[in-house]
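Student: Below, each chain spelled out in residue letters.
2 protein chains.
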Amino acid sequence: MGDKLSVVGKSVLRMDAFDKVTGRAKFGIDLKMDDMLYAKLLRSPYPHARVVKIDTTKAESHPGVRATATLNEVPKVVGAIGKLMTEEGRASLYLSDNIVRFIGDPVAAVAAEDEESAEEALSLIEVEYEQLPPVFDPVEAMAENAPKIHEDGNIAFHMFTEFGDIDKGFKEADHTFEDRFVTSKQKHCSMEPFGTCIANYTLDGRLTVYSSSQRPHVIKKYLAGILDIPINKVRIIKPHTGGAFGGRDYLIHGLETMCSFLSRKSARPVRMSFTREEDFTATEARHPFIIEMKAGATKDGILTAMSMKVIMDTGAYAPHAVGVLVNAMGNSVPLYRCPNVTFEGHAVHTNTSLCGAYRGYGNPQINFALESLMDMIAEKLGIDPVELRLKNHRGLGEIDPVIDDEIRSDGMKECLKKGAEKSGWSKRGTRRPATGTKRRGMGMSCLTHHSGGRFTIPDPASAIVMFNSDGSVNLITGAADDGQGNKTVLAQIAAEELGVAFEQVSVSDTDTDVTPFDSGTHASRQTYAGGIAVKNAAAEAKATLLRFASQHLNVEEKRLGLKDGAVYDVKNPSTSIRVSALLTMLQYEDKAIGKQIIGVATGVAPSMPPIFGANFAEVEVDTETGEVRLIKLACAFDVGRAINPALVEVQIIGGEVTGIGYALTEGLVTKEGKVCNPNFTDYRILRTCDVPPIDAIIVESNEPTGAFGAKGLGEATNSGTAAAIANAVYDAVGVRVKELPITQEKVLDGLHSTGR
Amino acid sequence: MGDKLSVVGKSVLRMDAFDKVTGRAKFGIDLKMDDMLYAKLLRSPYPHARVVKIDTTKAESHPGVRATATLNEVPKVVGAIGKLMTEEGRASLYLSDNIVRFIGDPVAAVAAEDEESAEEALSLIEVEYEQLPPVFDPVEAMAENAPKIHEDGNIAFHMFTEFGDIDKGFKEADHTFEDRFVTSKQKHCSMEPFGTCIANYTLDGRLTVYSSSQRPHVIKKYLAGILDIPINKVRIIKPHTGGAFGGRDYLIHGLETMCSFLSRKSARPVRMSFTREEDFTATEARHPFIIEMKAGATKDGILTAMSMKVIMDTGAYAPHAVGVLVNAMGNSVPLYRCPNVTFEGHAVHTNTSLCGAYRGYGNPQINFALESLMDMIAEKLGIDPVELRLKNHRGLGEIDPVIDDEIRSDGMKECLKKGAEKSGWSKRGTRRPATGTKRRGMGMSCLTHHSGGRFTIPDPASAIVMFNSDGSVNLITGAADDGQGNKTVLAQIAAEELGVAFEQVSVSDTDTDVTPFDSGTHASRQTYAGGIAVKNAAAEAKATLLRFASQHLNVEEKRLGLKDGAVYDVKNPSTSIRVSALLTMLQYEDKAIGKQIIGVATGVAPSMPPIFGANFAEVEVDTETGEVRLIKLACAFDVGRAINPALVEVQIIGGEVTGIGYALTEGLVTKEGKVCNPNFTDYRILRTCDVPPIDAIIVESNEPTGAFGAKGLGEATNSGTAAAIANAVYDAVGVRVKELPITQEKVLDGLHSTGR
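Residue numbers (the working numbering), protein chains in the order written: chain B, 14 to 769; chain L, 14 to 769.
Rather than coming from a laboratory, the hints here were simulated on the basis of the structure. Values in this document were obtained by computation on a predicted structure and should not be read as measured data. Where hints are given, some of them may not hold.
Identical chains blur together in the list; that is why a pair holds if it fits in one copy or across any two.
For lysine-lysine, the following DSS-like pairs were computed, each having C-alpha atoms within a straight-line distance of at most 30 Å [unchecked claim]:
no.: 1; residue 1: K604; residue 2: K322
no.: 2; residue 1: K33; residue 2: K278
no.: 3; residue 1: K33; residue 2: K45
no.: 4; residue 1: K39; residue 2: K278
no.: 5; residue 1: K17; residue 2: K431
no.: 6; residue 1: K404; residue 2: K440
no.: 7; residue 1: K278; residue 2: K45
no.: 8; residue 1: K39; residue 2: K23
no.: 9; residue 1: K687; residue 2: K71
With the rest of the complex left out, here is chain B (with noise of 0.2 Å):
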């Protein structure tokens, strides 16, 4: 297949390069109205709280200010899409109470003609709080008599699933294996702050937003939900976007929401960019998980039983919980062919900052857990770590458990392979200099994550081909680019499928007045469900090219052939049209006809394809320090196929800088609910100097059920880093570093309590 393609599998540049590169291209924050308003938000200081009382006249006689909104006005809206599908859940959006339960939650805004009078006017709100009980720690805040932060009480949602028979899968063990792992509260660090929107509520009834959302038709949903006016009135302009990652998923608690209604107030636009300090301190963050998992093998390292128990700080409410934890499950729980499973998740509200969604969903907190445990089942065993994953990995052909669908595409082993290989795994052993204090050590871990959410969400994708007269095409589609580069694989895919140059192919900026529906670029979803939509949208535009061509040529539809820009009879090749030509006469010369080419698709993928990947990492402990330093890492993803192969490698090595961040120094460290490193001084991500060589690898498995056999990405990128590099370190000194990240204070404290 792959010798026939000629622009799917080609590097071409970024659509946006130029634009980039030359600082022209817009972001959200880069963006201005005429007569534009400045918003901020007053936010609590309390954890826990009712507001008795705010009085927001001093601030409204201020001469800057426009409008003001308080939380009695607004609704907060904080739900996934699931809510708006019952009216419970719907209810559960319109939280209009008058608590706060975080620090950093909004009470009221203000809109006003400039930032120093907004500023100026926050401190003249009046607000009387009656200080609640707080609880920050979810194993305490499931306690029987623990304070409540929501009337349900502190549950937000719990789930047991059990796969195969655990206590028979456990009674069939020889050996088993339970640990406790920990993990942090890391947050996406976008070059471009996450709140920042302006909203445009004119006259006329309709609702502009410029945001950088990841679901812009969605977020269209919400917002005439809460505004209470139809959903084609409100209209989403999504700019270029300076990373997302799962932040800009839904809304931003506090942003669009409060610009809306004071833009509907004052009758002006009204733009609110938060603060760096306000972006880590109230916008969502990855979940804290505390993981309980046993399992149980064969003498010969075959899993027979495994039981996971998740609880999940999923903070002051829980926009994602039930995601989240579902997510958590369906990429560990298909990962080994392990017949007996129970996943036990509880999703427990504190009165800490949000959490929500974060590349990878889940998956980086379960993995790290599982991953862990199987290195220390494979030492335990004395089983080489990659065949141990090789005994147990489910591929090609079985069925995945969570889903109920069968793997139709399976590169694992190859991504082992050739992980293995630019790693030296074979070395490891023999090439463990012990210089001074240092110690070097390998460590390597396996990972699934499916590709969309097909049968979990709703997951619609759509696109429009739209041919123009010299056989060039605008494609439309809804499909959000975050910058990963969305754009420009799905221009190659419709270039590939009406054999055209990519040159030839234009892409619609993302505004849904325009743009068919597209459920967002979240779920590492876009390359196999928006891939598959513009296939489809591609092949029906072709399909009536050809229909048109068979009349004109006064041949077969079925014998025609397309390529290089002509239609021709692939028995008799001289009888053929330029399409040019053709289209041409449809558009312009035939006066009877006067048609353009238009395809359409819409509707879901058929499936959900595991991406599959390895992580080899290899460490340099200090033990004097307890410092980790990361010589290198050797990652290899199975994408069916890769579309645009440097924007793979780009992504897989943007999203491994974070998965290194995870394992070894970010996460948000909060006090009495306070977050006390809400700043890049003090939450430390990798510096370009920082990030060790990474062997980016491409393992192609062609996904049949994809475009030109592609499937997803994103998420793997940075959900097995930790464990590889936990594992490494336990490697290189021994220490078994169970909560992440894995501090020099952890490996001190390790190496001291193993005596080393």
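We have chain B; now place chain L onto it with these hints.
Tutor: Relative to the frame of chain B, chain L by itself:
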């Protein structure tokens, strides 16, 4: 039919009303871009010259200048769309000789950091001209020894068409009537200057042009051709437009082309905005006609033969020479049942400013002659002018000989009846008070005008309808709204077809990247051709909706009704589902479907149905000064169906105002090729206080091929005014003015020569 309609036929508020009255609507002239350069054109001071040398060196060394371009680099592109169809035609588009052909013809352009620098730089460009002999009069230009303006000579186009047998026709006549009529060079005067655009050619090879063109999709093709890039690389975005009237058909001479080249050279966005003087002297105006018209009639007033000969001054170039002549024939020959007609037309070049498309497109010229002649026939034969028209009217069920298609709707008789009633036509002889020097008179005229160009030009229209999950709709159309309210009308058609409220339909902005192909807003076509596309797209969406409803309700499709936001079984109305519930299920709840309902339509309208109209004017002529005062105007138009009666009425009034101007005051005055009245002091359009009471009468004939019975209107509204007024002047004082405009001098001359 009418009583069943709920949105069509209602005067809903136009969609852009709030934006416009609050000053928020952005017109081309309001647009700004970061890093924008300002461009100016250097124009020829000579009517005919060879440019021997252009030296831009000094201009380029001006510190503010970023790019220059000359007529030798940039193709002029002044052709109509038909020219794109042939190699020869295309070559003529790329006319890049070094001849300037009228005073104002662009010679060079500069783009600078500010307007002042651009102005200064213009004066630094050194141009050496070799003057060539000019010719200004079209009759002189037709002489064999006349200076040749183009290589092929001065006849841009010649046509001769015969219907029936003209000789036989004149033989059958009892009387013949013959006269010569001359019309003026009327200039469309839009609120917003015509020559305004921003071109932004970015480093990725894409050109975005903000242009108020009436035909964004067509100029997209043009500009791609000129710049030699694929069509997908060109994007036209149309801002709010302050009037077009044909003046924005295709490209503006020297505007978008020069801007695009300057932007490509400078890698910066470039804005160009003509002064009002440039607009008057160097953009297109209405072709002046010299018409020799001869008619034969029986003594009962039945027309037996008509001969029309037109010499049309097409100015220095001939972008619309063919179209205007063909259209003059197309809207005059079918008006009466006369079986024997010849039409001969010469389009002749002169060294005068451009002529092109202006509302009516040949019809106001030819109608002035035809309907003046009809008045002369009526008088001579002693037949009431209305009666004479009714005797000869070609109506319902008859064949339009020019387009060879049946007339399927016909409100002419009602137009005549209502116009006569409103104007008090029956009392006209009796109410002519001769007060001092003032004399009153009444005159009338008839007209017809085709809706669209289905049989004469490439005329596709397309639309996409996308359902939101609450049943509201986003309509995507390439139909440009020039200010007349297309969008509102198309939204009403979509709403009616889909059974939703007007407020539940939003209409896309005009942006060629995302709107399907539309041939443009011209030829009175959008309500008709655009309306049919919208109705068909909506019908497709509705059919899909009903198919899903049928499956869901388990009721045959043909038994389903759609009403008040629900689909129900007509035989058992309790079996029903809310449209919003069904769509929410499809789009969100049923994960296996996950579809948006999208309807698409693209194609040509079935016909070019005739709009009919009748104008009745009452004037008062001062026999001492020759001044003509229009007392009132009653005008009735058969629009098939008034989708939005208020918009129909204001379109009638707006059109009639320019028709009155055409009759009485307007016209460019040139001397040796120089426009003497290039401003609103000297070029007299009507002021508000000059506008008499206008009775705008809507007649509905229910055109069966149109959307809900609608046909066009636009160009009919100023095509019949001049003759009605001229006939009224004759009625008042016995002076037949045969040359427009009907100035005081001409009336006085007439009074003197008739001895009154």
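Student: For every hint, state whether the structure bears it out.
Tutor: Status of the hints after comparison with the structure:
In this assembly of identical chains, K604 and K322 lie within 30 Å of each other by CA distance solely across copies; the values are 28 Å between and 69 Å within a copy. Proximity of K33 to K278 under the C-alpha cut-off of 30 Å is restricted to the inter-copy arrangement: shortest distance 20 Å between copies versus 36 Å within a copy. Taking CA atoms no more than 30 Å apart as the test, K33 paired with K45 passes in both settings, with 18 Å inside one copy and 20 Å between copies. Taking the shortest Cα distances, K39 and K278 sit within 30 Å of each other both inside one copy (27 Å) and across copies (22 Å).
Taking the shortest Cα distances, K17 and K431 sit within 30 Å of each other inside one copy (25 Å), while across copies they are farther apart (70 Å). Within a single copy, K404 and K440 get their C-alpha atoms as close as 21 Å, which meets the 30 Å cut-off; across copies the closest is 105 Å, which misses it. Taking the closest pair of Cα atoms, K278 and K45 come within 30 Å of each other both inside a single copy (19 Å) and across two copies (28 Å). In this assembly of identical chains, the alpha carbons of K39 and K23 lie at most 30 Å apart only when taken from the same copy (27 Å versus 41 Å across copies).
Taking identical chains as interchangeable, the C-alpha atoms of K687 and K71 lie at most 30 Å apart only when both belong to the same chain, with a minimum of 29 Å there against 66 Å between chains.
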